[in-house]
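Number of protein chains: 4
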Amino acid sequence: MTLPRDVKKVVLAYSGGLDTSIILKWLQTELGAEVVTFTADLGQGEELAPAREKAERAGVKDIRIVDVREEFCRDFVFPMFRANAVYEGTYLLGTSIARPLISKHLVDIARETGADAIAHGATGKGNDQVRFELSAYALAPDIKVIAPWRDWEFKSRTALLDFAEKNQILVTKDKRGEAPFSVDANLLHSSSEGKVLEDPAETPPPYVFMRTVSPEEAPDKPTIITVGFKNGDPVSIDGKAMKPHELLAALNDLGRDNGIGRLDLVENRFVGMKSRGIYETPGGTILLAAHRAIESITLDRGAMHLKDQLMPQYAELIYNGFWFSPEREMLQAAIDKSQEHVEGEVRLKLYKGNVIVEGRSSPKSLYSDALVTFEDDHGAYDQKDAAGFIKLNALRLRTLAKRDGR
Amino acid sequence: MTLPRDVKKVVLAYSGGLDTSIILKWLQTELGAEVVTFTADLGQGEELAPAREKAERAGVKDIRIVDVREEFCRDFVFPMFRANAVYEGTYLLGTSIARPLISKHLVDIARETGADAIAHGATGKGNDQVRFELSAYALAPDIKVIAPWRDWEFKSRTALLDFAEKNQILVTKDKRGEAPFSVDANLLHSSSEGKVLEDPAETPPPYVFMRTVSPEEAPDKPTIITVGFKNGDPVSIDGKAMKPHELLAALNDLGRDNGIGRLDLVENRFVGMKSRGIYETPGGTILLAAHRAIESITLDRGAMHLKDQLMPQYAELIYNGFWFSPEREMLQAAIDKSQEHVEGEVRLKLYKGNVIVEGRSSPKSLYSDALVTFEDDHGAYDQKDAAGFIKLNALRLRTLAKRDGR
Amino acid sequence: MTLPRDVKKVVLAYSGGLDTSIILKWLQTELGAEVVTFTADLGQGEELAPAREKAERAGVKDIRIVDVREEFCRDFVFPMFRANAVYEGTYLLGTSIARPLISKHLVDIARETGADAIAHGATGKGNDQVRFELSAYALAPDIKVIAPWRDWEFKSRTALLDFAEKNQILVTKDKRGEAPFSVDANLLHSSSEGKVLEDPAETPPPYVFMRTVSPEEAPDKPTIITVGFKNGDPVSIDGKAMKPHELLAALNDLGRDNGIGRLDLVENRFVGMKSRGIYETPGGTILLAAHRAIESITLDRGAMHLKDQLMPQYAELIYNGFWFSPEREMLQAAIDKSQEHVEGEVRLKLYKGNVIVEGRSSPKSLYSDALVTFEDDHGAYDQKDAAGFIKLNALRLRTLAKRDGR
Amino acid sequence: MTLPRDVKKVVLAYSGGLDTSIILKWLQTELGAEVVTFTADLGQGEELAPAREKAERAGVKDIRIVDVREEFCRDFVFPMFRANAVYEGTYLLGTSIARPLISKHLVDIARETGADAIAHGATGKGNDQVRFELSAYALAPDIKVIAPWRDWEFKSRTALLDFAEKNQILVTKDKRGEAPFSVDANLLHSSSEGKVLEDPAETPPPYVFMRTVSPEEAPDKPTIITVGFKNGDPVSIDGKAMKPHELLAALNDLGRDNGIGRLDLVENRFVGMKSRGIYETPGGTILLAAHRAIESITLDRGAMHLKDQLMPQYAELIYNGFWFSPEREMLQAAIDKSQEHVEGEVRLKLYKGNVIVEGRSSPKSLYSDALVTFEDDHGAYDQKDAAGFIKLNALRLRTLAKRDGR
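Residue numbers (this note's numbering), protein chains in the order written: chain P, 5 to 410; chain G, 5 to 410; chain V, 5 to 410; chain C, 5 to 410.
So that you can see chain P by itself, here it is in the shape it has in the complex (with noise of 0.2 Å):
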């Protein structure tokens, strides 16, 4: 593929780390583009100070650091937990689900800045160019998309290091031997992958892990913790509002200390391989449960099960890169739809690795006493007419098995 053409300035979606350092730096020297660099703040823990001094360092004038924390959880994450979205039964998508905010704050900057191309740091291999493509495009039919990682240079390691050096990036002992697996993080989660962990018949080591203590040694003594939710959205936790990152950070020093949302796994990644991950996801674990307690009381059978007959394929767009599709936003409609007396309140137990419902309740209830007694309930339920429909929803059954002659 040769280089674009034209291309006269750059978002660069940057971290500050090596990699998209050695990016910035091509992008001004190869391309001789001027480059934005936009780093956001969406909760991996990590200082962004240094990605300002780094950007300065390299000439950049025109550096974004963002709090955009509160944006992922309330536009972002929480409606996605609304459907309950598990991907490939297992896999809380806390990736998936930062990609097309990053690429909506790149296109919005690169339009403010009359840039005409973003950049971004994702390989050839992965699900993430995958995303951040998809949603730029889906916001910015022209924009253009420069991913030097996969369509240019840098194809072996050493080939990238010796480009540091030559342009003086500073790089760290450590780097120059081997990363032992590659990590993402967020305020939702974080993953590692490769390298150590690519043999999925391994156990993985025990240093991969760096967001939760393990089962065993969380404490012996249960956290008991109420979740409170309202349309659908956790808002409180043991009756202290939160805001939507304030409350998801909590609940991952919640989950954190109790050993909870640890997640290894093989997945089908939509470039076509399986790839295995570490994942951790301690609030998220955490939420999830609690939405589906609420639900249970709160939802009606028929909204819940169109709920969960779709949420595979929700999900799915979502691992895919396609929030920014219709077919998604149809899908949410719905689910919103769904969520408008989803509240009340869900009590839990933590304890070494277990979410454990222990109660839910709320002024919305759908759960009727009077209904599902065992005693008396003064007509509330007509037992005979559990015969009829009984008698009614057996009459095909029974015609198709005196056709088949049984």
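Misleading hints may appear alongside valid ones.
Same chains, same names: a pair is fine if it fits in one copy or spans any two.
[To be verified] Below, in silico cross-link-like pairs of lysine to any residue (SDA-like), each with a Cα-Cα straight-line distance of 20 Å or less:
#1 244 / 258
#2 247 / 79
#3 388 / 155
#4 368 / 406
#5 353 / 223
No lab work stands behind these hints, which were simulated from the structure alone.
Put chains G, V and C on the given structure of chain P with help from the hints.
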């Protein structure tokens, strides 16, 4: 509802407990029918000799006590687990899946003995009446079904006990009082419902759990096991081949000891109300995790996503009692088709309520180091292909963005 | 079933025909209730003055005759057509969609007049009883519903006619004999069922059709029309803006004259049996073709395929009577979300039963000459992208083929 | 893209037309490969002798001309019609379904002859490249695929024709000019696309249609036929048993004469753009109506609704080229399971574009007079059951209405 006319012989699903003993007597005296009792050993962990004794004492001449544990696991539980079936995100369908088997035997015995009806002891408020009867009608369209608890008598517990005493059925003291909740059990699970559990806001009392230790009581040391699969079904533990019901029993022991498989939920019954249940599914909980893990390396993405998409409907069919329906059989055909190469081994760590996948391997693995590696893959994957892949996936989104003036 | 106690005032869905006249009298005399009649002008093409006269003659004091044609089209028919709803591949749901509207009015009038019950004339074998009652219960959970045809009396036609004569209800001669089939009609369609139509192997007699000429009788010259759409709804014919019910009436005329919209089918009723129906939906048949055509150029693929996938379930919900259910409303939210830009014009040729799309255009078209042309597209599409697109789509299939030893 | 190295022998999908003749020459001269030609008789209605002659003239030593009509109908078309597959509500997949068959033969011949590559003449803008290549890779993961029209040369028509003349390939005069549109044909359908058809607002010119008379030109007298089915497949017309391809050919004749099966649509291609097509599927259009009709009396509701729900995805898989995928095979297993008893006869009236179902009968009919009759059904159906059926179906809606304060 009037009594069914012309019923001469009835096959009764008979547990030997108080309720079905009363029904047995009632069928004999009020209905004037000859009764054949059918008692299944489903692995519920109760002695069946007393059931025989009681039936004999009641004058039953044809007493059928059948060990169906292998059939139950092989033909019902394992096919269901191939689908990773979970109802409403949490319930493993432990009661639901036993009902069609019981009906099948009732109907077979009815045919063999010339009985014109079957009878069961389920009430008019629950799902089990539906499951029993839909299954029976699907297999024997002209069979009569008698459900005394629902259709005729015993509208209060007192009335029932009076009938029992009048008919010299032994009522133990604690039965005269209030049993604190209602129980169902088989090899796959135990369920507890009703009475002290009726308020979903209240934590269930510890004595409800009968089949597992609590996570807190479980050993401080993890247990590591390896489950082997073939054609999507578990076939061995730690390399030791086992029959289906032996294997499930062994998993139950492992789960029980490690505090695995407890569940406190509110579910939506087919008959229209919500109910709260406390379920224990120790072996099934391990099996689900293990099956998902072996699928993760042996199942193609297309097959897996289709399975995930079909699963909620499949689970709903079983929950609602439609095991013997064309649509369940169609879904089963699709699911079974996918399981041909689902084989290999999964290593699990069991620890205080957690089932942690630690590794999986298979001679049929689709996982490819070469494709996924961060290192040079020697041409297994051309990263440039990803650019075209993204471009064409983005094309419709870009067209849309242009139309919408983004 | 015993008569409902304490019913003082009933709102009756009253057509003025023999059956509901008998029910009216029965409610007054046998039940001793005051009756409010509700007669809807749904565009069924009958004079409503006789219904008023008859009700007056029967002593009804509160007679409600309401023209609901616009509401019917705007709030029920058109939202349903946004989904391209077709039941079992053929039926346009013409009867199904009218029932919830009628129930809504019955319930509203009951509230306004302090009535404690509603009544309808549907039998116990059909779908309409279900649709009326589910809708009523969903809007007024404590309303009593009286269905005399099903629940109490008139088990034979003779008994009914005897009651009529005893109560001096005029029975015309042809009613004393056998009406040859049963009819329902509204602005969207007419249906004929039963009696001479009961054998699905027999061709329906020509006199069954009441609303369309046959294709053979239709003119030898085609009619060309243009239907305009906005937000997914039809808004004009040949450039002339019309109200919803006027537009549907005009399409009906066009369809009738050109032999369009006849349907002979066997369908599966919700209550469990198959039935044979002869339906005429002249305008609706044109509308469905036109709506699909305008969607074909204005709807994105993702949105369209999601709609197609959801449609059977949406249609089933309406057929089964779940218009006022959370799951129908969720699906509607998703569907409506997709229709924002569904606007433009469709040119159709109507000819002897055929609705032939001849052209479509839209200011919101997503069709792009530049993309699709066989000629030089000046860079709109890079054919080389397709190679990568295919390679990555094929990757999992190739991995699978290698595993399977192909 | 650089030329593939080391290709020694190529199996070319060869029609004998100008385009594949040029590709043949190009493979021989530019690539220096030995070429094996494969020409399939798919029932496209063209003489295949000229293809042999031309291949011989080009020096091809291994010329394969195979009559695949029976295989095409039996193993591809009929299985697809069991599903009632329709893409985007209108397209019967006539081109899509032929591609995997061609790839299968290409791959088989490659294996037999030791060829290391296959080649096809599809462009980079269409769906056919995807279908050819996904099918090939799924069957032979290491096969090389050469698509000269997309990957290397001939970027303009002029360049192509110059190459042809230089290589003494006969170019007829009208080819030097502009063919007015592009055509594909097989036993199931003919499609026309491009050029004069590119504006979707314009009525297609009459000369586009090559396989059917127009409805206007069709006879004024209807034709009545009876189609017999067995296991979901058509097996006879008017009682005369036929092989699959003979039967489809006979339906094509009937359709052609009666103006049946014309379609003008805009569809969404897998590669991301919309395209306009004019399709003729005379026999297939009759077959779809007949199959739905025989299913209407022999298929249970549960099976039918599941089929309807799965169909859009099944059709999309075929459209997109995933015939040889695990998910298509899973769906097929489900569909085939449902067709066991789909047998009997359907009587159709064919008249000026209309396919009118006039009657259907089956020894396996599930239609029951006794159940459906308006007259006394002698206890086949107890109308009182409907009351309980409705009550329990309404229960959740009533609970909801109470909660929501209705």
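Checked hints:
Within a single copy, residue 244 and residue 258 get their C-alpha atoms as close as 15 Å, which meets the 20 Å cut-off; across copies the closest is 40 Å, which misses it. For the homomeric pair residue 247 and residue 79, the shortest alpha-carbon distance inside one copy (12 Å) is at most 20 Å, but the shortest distance between copies (39 Å) is not. When the C-alpha separation of residue 388 and residue 155 is checked against a cutoff of 20 Å, the pair qualifies only between copies, where the shortest distance is 6 Å, while the shortest distance within a copy is 70 Å. For a Cα distance limit of 20 Å, the shortest separation of residue 368 from residue 406 across copies, 10 Å, qualifies, whereas the shortest one inside one copy, 46 Å, does not.
In this homomeric assembly, residue 353 and residue 223 come within 20 Å of each other (Cα to Cα) both inside a single copy, at 13 Å, and across copies, at 19 Å.
The earlier numbered hints are all upheld by this structure, with none contradicted.
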